[in-house]
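Q: What follows is the residue order along each chain.
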Amino acid sequence: MSDIQAAAKSLNKSVYEDNLKKNIEERMELQGKSPKLATLEEAIRRSGLKDGMTISFHHHFRGGDKVVNLVVAKLAEMGFKNLHLAASSLSDVHAPLIEHIKNGVITRISTSGLRGELAREISMGLMEEPVIFRSHGGRGAAIAKGDLHIDVAFLGASSCDPLGNACGYSRSENAKSICGSLGYALPDAQYADKVVILTDDLVPYPNTPNSISERDVDFVVEVDSVGDSSKIASGAIRDTKNPRDILLAQQAAKVIINSGYFKDGFSIQTGSGGASLAAVKFIRESMIEKGIKASFALGGITAHMVKLHEEGLIERLIDVQSFDKVAAESIKTDPMHKEVSSCEYASADEPGSAVHYLDIVILSALEADVNFNVNVLVGSDGIIRGAIGGHPDTAADSALSIIVCPLLRGRIPCIVDEVTTLITPGSSVDVIVTEYGIAVNPRRPELAERLKEAGLKVVDIKSLRDKALSIIGTPAALPFGDKTVGIVMNRDGSVLDVIKNIDDKK
Amino acid sequence: MMFVPGNNPGMMADAHIYGPDSIMLDLEDSVTMAEKDTARLLVHNALKSIDYGDTEMVVRINPLNTPYGKKDIEAVVKAGVDVIRMPKTETAEEVIEVEREIERVEKEIGCLGRTKIMAAIESTLGIVNAYAIATASPRMMGIALGAEDYCANLKAQRTKGGEELRLARETIVVAARAAGIDALDTVFSNLNDMETFRNEVEYIKSLGFDGKSIINPRQIEVVNEIFTPKEKEIEKARAIVAAIMEAEKKGSGVIALNGKMIDRPVVIRAQRTIQMAIASGVLSPDEA
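These protein sequence lines map, in sequence, to chains D and P.
Convert by adding 356 to the 1-based position in the first sequence; the result is the number in this note's numbering.
Convert by adding 28 to the 1-based position in the second sequence; the result is the number in this note's numbering.
Accuracy of the hints is not assured; some may be wrong.
[As the list claims (entries may be wrong)] Some chain P residues flagged as far from chain D (calculated, every beta-carbon gap over 12 Å):
# : residue
1 : H44
2 : E102
3 : E121
4 : C179
5 : T199
[Unchecked claim] Below, in silico cross-link-like pairs of lysine to aspartate or glutamate (EDC-like), each with a Cα-Cα straight-line distance of 16 Å or less:
# : chain 1 : residue 1 : chain 2 : residue 2
6 : D       : K823      : P       : D42
7 : D       : K597      : P       : E249
8 : D       : K823      : P       : E129
9 : P       : K98       : P       : E129
To be clear, the hints were calculated from the coordinates, so they are not data collected in a lab.
Don't be surprised by glycine CBs; every beta carbon is placed ideally from N, CA and C.
Turn these sequences into a full structure, and let the hints guide you.
A: What follows is the structure in structure tokens.
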């Protein structure tokens with residue numbers, strides 16, 4: 357035995373044999389033969405997907421998404437049954453799922469939200485199994501700890517190379533469907549057993565910097581279109597002209613400015629609604645006037661936030677979802693504009709998730725009640741018409757959560773005795789801003805004091821409820837049936853509330 | 029004074045949350061013939077059931093020579109309106125006629141003298157008769173310019189600078205001052221041109237107007253900002269009033285403050301600044 361053989365034996369390894377057949381093919385040619393490239397049907401077959409398993413999707417293409425319908429139609433065609441569809445969210449565009457539910461292809465759904473015809477049908481009792489609703493942070497945490505196990509993730513990407521390096525934007529001239537951050541897809545890519553990327557812009561290797569790494573990707577499928585770009589993201593900053601939104605925004609901005617948290621280095625998150633965006637405008641003016649800069653803006657990033665960042669008023673942008681083309685373009689080019697996964701964004705389990713270091717968040721509501729509980733999921737008619745999003749995550753972990761909510765929407769009161777469905781517990785809500793006054797949670801007396809001193813109209817939340825009732829009267833009780841159509845999970849994995857079916861014969 | 033169409037319940041329900049000094053619910057130009065009765069009923073119910081707080085409530089009625097005018101007066105006086113605004117007023121007789129109708133309804137419900145009148149002047153004849161209109165009734169609390177109809181009648185074009193309205197505006201202010209009532213300027217309808225709006229508000233304030241008619245809550249802030257006395261103005265006014273009170277104690281009518289003579293007109297202007305500051309909420313009555 358030679359010394360080399362002895363060394364190999366001692367390490368339980370073999371001895372080197374020179375059998376290298378060097379591949380001298382041009383690499384541009386070679387990558388076209390990547391073993392990961394497949395048709396959708398091949399990818400599904402080779403993924404090992406079986407009846408009863410869990411498939412997942414992200415919702416970064418919003419109302420323009422084509423991936424969910426495309427994949428589920430193919431699964432139906434291939435004869436799959438009894439699948440669990442776990443999407444980060446679903447919207448109006450996913451109405452074709454109704455047929456697949458009726459045909460038994462999809463029997464369970466997990467999501468952050470439901471809208472449109474699909475939401476209506478499910479509210480009326482379409483499914484036998486209740487839909488599981490989770491917040492964005494709650495979904496990330498559930499995937500990470502195995503509560504939500506994904507067998508095969510089907511993730512749309514705006515660009516991808518043949519090895520699976522994928523992004524929500526593209527550096528090629530063929531860019532079709534740009535969404536920016538892929539934050540909600542990142543836990544799926546990391547934890548799913550198999551990952552299939554669908555893209556309409558297959559670009560040469562290496563598609564770097566990448567959002568999803570080739571190391572997490574098993575198959576790459578080129579398709580005609582992953583999304584309708586006109587419905588994915590709006591082009592430019594749109595300022596609301598709705599006077600009520602402007603009034604609410606002014607009040608919310610005044611709350612922030614006088615809250616005690618408006619200091620150099622503060623951090624902030626706002627939504628994409630008219631009032632939230634308008635509030636950013638007022639906060640900006642005050643930041644310039646007082647010489648205050650923010651350390652970071654978090655969450656769904658909008659053109660407004662990008663503008664403040666580029667003006668030097670916000671140092672960094674932490675982006676789990678880009679709300680418009682300006683934000684999508686910025687995340688591509690600006691290293692201080694960072695993409696994060698939903699876990700890094702808002703997981704309750706991760707001490708480093710960004711929400712823990714968030715000072716201020718402005719949120720909206722469908723309803724809020726006298727105990728400061730908030731509902732953003734179920735309409736006043738009992739029909740599901742919204743999404744939990746990061747609402748409970750940011751409300752719970754921020755230092756100051758502000759809910760902007762009109763007292764009335766048409767003939768519907770929005771400050772009520774008890775919310776139809778509990779989504780964000782009142783213990784995490786600090787301030788509710790309405791056009792008739794500002795209610796501060798009694799748990800925050802120091803905050804109420806500060807706002808009063810600043811001359812803001814601080815009122816008892818019960819007086820807001822009374823005001824709404826005096827204008828509109830008491831609405832009739834909703835015709836809920838006995839069937840549970842939805843379960844709302846708290847972000848820690850406990851059950852928060854259930855949604856019953858609406859019985860229109862009642 | 030914010031204009032709100034009388035046939036839009038949504039707008040009527042929350043018009044006051046934006047903080048206008050007064051709200052004018054309109055039964056005239058913004059309501060089509062087919063909706064006159066509906067709007068009258070809606071306005072009546074809005075006045076009776078919505079808590080508008082301290083906001084002064086005004087209703088613009090249809091002229092008495094239409095089939096709607098008298099019904100409008102009856103409905104809104106019974107609902108407790110603060111002010112009736114007459115459109116297209118040309119003569120003192122028209123005011124007297126409206127006053128007679130108001131009195132009839134007020135007597136019927138037992139609240140004689142409650143309702144005030146404001147007249148919009150929207151024609152050349154109206155401008156010529158401005159003082160007569162302003163003094164036609166003790167109920168008169170103000171006159172206002174309606175520029176669109178006035179300009180059509182004048183055969184002039186509207187311009188950004190508003191030169192064509194100069195005589196009408198000055199006439200309205202002079203007539204109102206002579207009658208001891210308020211002068212209100214016309215609306216500015218291009219909501220996207222806030223700069224010209226701001227210039228116009230500054231201009232009409234310099235002419236002596238008491239306020240501006242507006243058509244959207246977005247215009248309120250600009251008007252309030254321009255009409256609210258600045259801190260320095262308030263300080264100066266308080267110093268003047270304090271000095272004159274001190275002088276009166278000593279029995280002297282004319283005094284000097286910081287080397288400048290303070291006489292009666294200066295004191296009146298100072299008192300008016302303080303009143304405006306209190307009305308705008310930047311000065312509490314106790315401080316004054």
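Q: All hints, please: hold or fail.
A: Here is how each hint holds up against the structure:
Not every CB of chain D lies more than 12 Å from the CB of H44(P), the least distance being 10 Å, so the non-interface label is violated. Against chain D, the non-interface label of E102(P) holds: every CB pair exceeds 12 Å, the least being about 26 Å. Every CB of chain D is more than 12 Å from the CB of E121(P) (nearest about 39 Å), matching its label as outside the interface. The non-interface label for C179(P) is consistent with chain D: the shortest C-beta to C-beta separation is roughly 27 Å, beyond 12 Å.
The beta carbon of T199(P) is kept farther than 12 Å from every beta carbon of chain D, the shortest such distance being approximately 33 Å. Taken as a hint, the K823(D) and D42(P) pair is honoured in the structure, with Cα atoms around 12 Å apart against an allowance of 16 Å. The hinted pair formed by K597(D) and E249(P) meets the criterion: a straight-line CA distance of about 14 Å does not exceed 16 Å. Distance hint between K823(D) and E129(P) is unfulfilled; the C-alpha atoms sit about 35 Å from each other, more than 16 Å.
Restraint check for K98(P) and E129(P): satisfied, since their Cα atoms lie roughly 7 Å apart, inside the 16 Å limit.
The structure fails to meet hints 1, 8 from the earlier list, while all remaining hints are met.
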